[in-house]
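Could you build the full structure based on these sequences and the hints that come with them?
Here is how the chains run, residue by residue.
2 protein chains.
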Amino acid sequence: MLNLSERGAKMPASPIRKLVPYAEAAKKRGIKVYHLNIGQPDIKTPEIAFEAIKNFEMKTAEYTHSAGIESYRKGLAGYYKNVGIDINYEDIMITTGGSEAIIFTFMTTLNPGDEVIIPEPYYTNYNGFAMQAGIKIVPVTSYIEDGFALPPIADFEKLITPKTKAVLVCNPNNPTGYLYSKEELQQLRDLVIKHNLFLFADEVYREFCYDGHEHFSVLNLDGLEEHAVLFDSVSKRYSECGIRIGALISRNKKIIEAALKYGQARLSPPLFGQIAAEASLQAGEEYFKEVYDEYLERRNYIINAVNKIDGVFAPMPKGSFYAILSLPVESAEDFCVWLLNDFNYEGETVMLAPAQGFYATPGAGKNQARLAYVLKIEDLKRSVKILEEALKVYKNK
Amino acid sequence: MLNLSERGAKMPASPIRKLVPYAEAAKKRGIKVYHLNIGQPDIKTPEIAFEAIKNFEMKTAEYTHSAGIESYRKGLAGYYKNVGIDINYEDIMITTGGSEAIIFTFMTTLNPGDEVIIPEPYYTNYNGFAMQAGIKIVPVTSYIEDGFALPPIADFEKLITPKTKAVLVCNPNNPTGYLYSKEELQQLRDLVIKHNLFLFADEVYREFCYDGHEHFSVLNLDGLEEHAVLFDSVSKRYSECGIRIGALISRNKKIIEAALKYGQARLSPPLFGQIAAEASLQAGEEYFKEVYDEYLERRNYIINAVNKIDGVFAPMPKGSFYAILSLPVESAEDFCVWLLNDFNYEGETVMLAPAQGFYATPGAGKNQARLAYVLKIEDLKRSVKILEEALKVYKNK
Chain A
1 MLNLSERGAK MPASPIRKLV PYAEAAKKRG IKVYHLNIGQ PDIKTPEIAF EAIKNFEMKT
61 AEYTHSAGIE SYRKGLAGYY KNVGIDINYE DIMITTGGSE AIIFTFMTTL NPGDEVIIPE
121 PYYTNYNGFA MQAGIKIVPV TSYIEDGFAL PPIADFEKLI TPKTKAVLVC NPNNPTGYLY
181 SKEELQQLRD LVIKHNLFLF ADEVYREFCY DGHEHFSVLN LDGLEEHAVL FDSVSKRYSE
241 CGIRIGALIS RNKKIIEAAL KYGQARLSPP LFGQIAAEAS LQAGEEYFKE VYDEYLERRN
301 YIINAVNKID GVFAPMPKGS FYAILSLPVE SAEDFCVWLL NDFNYEGETV MLAPAQGFYA
361 TPGAGKNQAR LAYVLKIEDL KRSVKILEEA LKVYKNK
Chain B
1 MLNLSERGAK MPASPIRKLV PYAEAAKKRG IKVYHLNIGQ PDIKTPEIAF EAIKNFEMKT
61 AEYTHSAGIE SYRKGLAGYY KNVGIDINYE DIMITTGGSE AIIFTFMTTL NPGDEVIIPE
121 PYYTNYNGFA MQAGIKIVPV TSYIEDGFAL PPIADFEKLI TPKTKAVLVC NPNNPTGYLY
181 SKEELQQLRD LVIKHNLFLF ADEVYREFCY DGHEHFSVLN LDGLEEHAVL FDSVSKRYSE
241 CGIRIGALIS RNKKIIEAAL KYGQARLSPP LFGQIAAEAS LQAGEEYFKE VYDEYLERRN
301 YIINAVNKID GVFAPMPKGS FYAILSLPVE SAEDFCVWLL NDFNYEGETV MLAPAQGFYA
361 TPGAGKNQAR LAYVLKIEDL KRSVKILEEA LKVYKNK
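Quick mapping for you: the protein sequence lines, in order, are chains A and B.
Using our numbering, you'd call the opening residue of the first sequence number 1 and step up by one each time.
Using our numbering, you'd call the opening residue of the second sequence number 1 and step up by one each time.
I should point out that these hints are in silico values taken from the structure, not numbers from a laboratory.
Owing to the predicted nature of the structure, the values given are computational and were not obtained by experimental measurement.
Be aware that a few hints might be false.
Pairs involving identical chains hold if they fit within one copy or between any two copies, as the list cannot separate such chains.
[Stated by the list, open to error] Quick list of in silico lysine-lysine cross-link-like pairs, DSS-like style, CA-CA up to 30 Å:
id: 1; residue 1: LYS366; residue 2: LYS59
id: 2; residue 1: LYS194; residue 2: LYS392
id: 3; residue 1: LYS136; residue 2: LYS254
id: 4; residue 1: LYS385; residue 2: LYS59
id: 5; residue 1: LYS10; residue 2: LYS254
id: 6; residue 1: LYS74; residue 2: LYS59
id: 7; residue 1: LYS28; residue 2: LYS385
id: 8; residue 1: LYS395; residue 2: LYS27
id: 9; residue 1: LYS54; residue 2: LYS289
This is how it looks when you write it as structure tokens:
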């Protein structure tokens with residue numbers, strides 16, 4: 001009998017996927033399921049990206065440079081300059097999705113057993129990357145009543161041990177939709193300087209900030225040249241989830257140099273994806289405006305609508321395209337399973353992601369669920385109606 | 001002062017890349033460099049792969065299934081059936097290059113500190129993957145005088161400790177060009193059963209076996225359902241290095257299940273690459289025949305030609321498109337640097353990969369270099385001439 005490794009046996013399944021078999025069973029029974037549970041937008045990829053692929057002439061699909069195609073890295077530096085982040089293309093390493101940027105950064109900056117503090121609820125796949133790197137995520141809880149604002153710095157201080165090496169924030173936040181302010185980020189800057197920590201920021205939702213709030217990048221904090229690492233991806237910016245193109249960006253040359261060695265081991269990021277991503281840099285203002293307006297309308301609609309349902313509360317997100325709802329149920333997970341397994345409204349139901357999986361603290365967020373407003377308005381309207389009817393039935397069960 | 005992690009600071013640069021600055025400097029001086037040092041073939045990708053990308057209609061470049069597009073997995077199972085490997089598509093997980101198949105397998109089967117025995121010289125990037133997984137590679141030396149045949153099983157036995165969890169072979173071999181026979185693989189089977197080890201095989205050069213020798217897959221060894229894991233890639237098969245599509249294949253369902261959890265954390269393998277790889281399944285016999293004949297001609301030419309150079313010896317490789325030469329020099333690395341830095345023949349020179357980087361045992365392979373016959377015959381002819389002239393000059397230095 002051959003056993004898996006501990007990290008193979010213990011690797012957690014994504015909590016979002018736990019419900020997939022129920023959704024599949026519902027579909028088999030002929031139920032239509034509205035997927036508010038995942039971050040796969042229905043938004044169109046810029047046409048220019050597909051055209052670039054179609055028009056690219058080559059005889060051999062060769063490896064690219066391990067840090068990415070130079071013209072793309074230069075173009076990307078231009079994109080950052082445009083959004084107010086002044087970096088050189090040599091500070092950029094193109095990665096296979098944002099995921100790889102995270103893994104490579106964990107590998108180059110953290111030893112096995114080291115700790116990273118992350119505000120919870122947080123993006124669940126950080127757990128998988130932590131398992132892969134053998135590091136420990138230490139959660140600092142943010143609360144729905146505060147709209148998931150940055151927890152007080154004193155709460156971070158309490159968690160710092162000799163093993164603490166970094167703080168990681170996702171900004172704008174998945175799953176909460178919270179946008180950390182410049183002031184909050186400055187508090188984090190002071191904290192990481194005081195304790196000599198790295199500050200990692202996952203800024204893949206940069207384009208999606210609402211109500212006049214401006215995104216402030218971790219790379220624009222003074223005095224963090226050595227500390228700050230930015231994880232980025234084109235997945236959400238251009239609705240290009242499948243092409244697997246991200247970036248690892250830091251002014252700390254030692255990090256980029258070491259990450260590149262990991263990059264050389266895996267040879268190169270995907271060629272076709274880089275071609276599409278480079279072309280997407282030309283997508284232009286109209287593309288973003290259209291996408292932005294669409295998300296804004298969806299956000300405004302769905303957050304207002306769910307807050308009108310008896311017992312439901314969702315803080316208005318300032319960014320990304322997610323929101324956390326608190327529900328008038330004891331266990332949101334049980335409710336989400338029930339929605340798929342035992343309920344339908346006129347042959348339709350809704351799939352949400354139970355929020356508990358986004359918390360590391362046992363029991364936290366038990367009555368909460370995450371929704372992604374990645375569907376068109378009419379589908380969101382229908383989803384809200386279904387949710388409302390479902391809660392009526394569930395209450396009287 | 002913020003320090004990198006130990007694994008960041010110690011991550012080895014690929015030994016092949018160590019010479020890149022010298023090659024770049026030579027090019028700047030106007031010297032033409034023939035690259036026999038890397039495995040980037042000049043062979044054309046099947047036209048059908050590019051056509052599939054150009055003809056694919058989509059609005060949104062979405063994530064694919066984390067285990068890969070189902071139709072591609074099914075098609076790939078058909079490919080394996082065709083080459084005599086009877087597996088189900090559910091035993092296949094599509095990965096981002098062969099690299100990811102190796103990482104995921106290490107993660108799911110090995111704990112940090114565990115040992116994997118690999119015949120040396122071996123593909124240097126295994127060192128990077130081992131560093132990432134925190135495992136230890138234990139080399140068992142194969143020798144140029146034996147044509148790099150499998151070392152005696154007694155040599156493996158001597159290296160087995162309580163930490164030993166697996167044996168890894170690359171077959172056909174990069175960097176040696178050796179093709180392990182069915183009998184050698186059966187010896188490995190008996191060994192891994194006796195000691196309850198996993199047996200990993202990197203078979204990405206499967207298509208390139210010469211002189212009537214047939215490739216025997218680790219998946220066709222009896223009694224290894226639980227033990228055997230196959231790493232594969234389309235990079236060399238279809239000359240699609242840049243698309244980053246590989247596969248992790250095992251009949252051990254626990255491995256596939258656990259690897260899929262790592263796959264879910266990184267969401268999906270590259271979409272465009274999968275489309276190209278799936279289309280390539282239709283490339284047909286003529287494509288392979290043409291490519292095969294080209295490599296065969298190159299091998300026959302270059303191995304015979306280098307063996308005619310005074311003091312040079314290269315065993316005739318039975319597979320892949322690499323060969324190891326022993327050179328009449330004390331240090332092949334010094335010689336390779338000199339070739340780039342201090343020598344040219346009529347304005348041209350040759351770049352080889354010093355073989356020392358492929359050995360883990362200090363000092364082993366010091367007078368050896370690897371060449372990849374990935375250039376067209378006329379370039380190979382020119383390269384041999386340059387090498388011959390260079391050795392004359394070097395000897396009299």
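**Request:** Would you list, in rising numerical order, the hints stated earlier that this structure does not obey?
**Result:** 1 and 2
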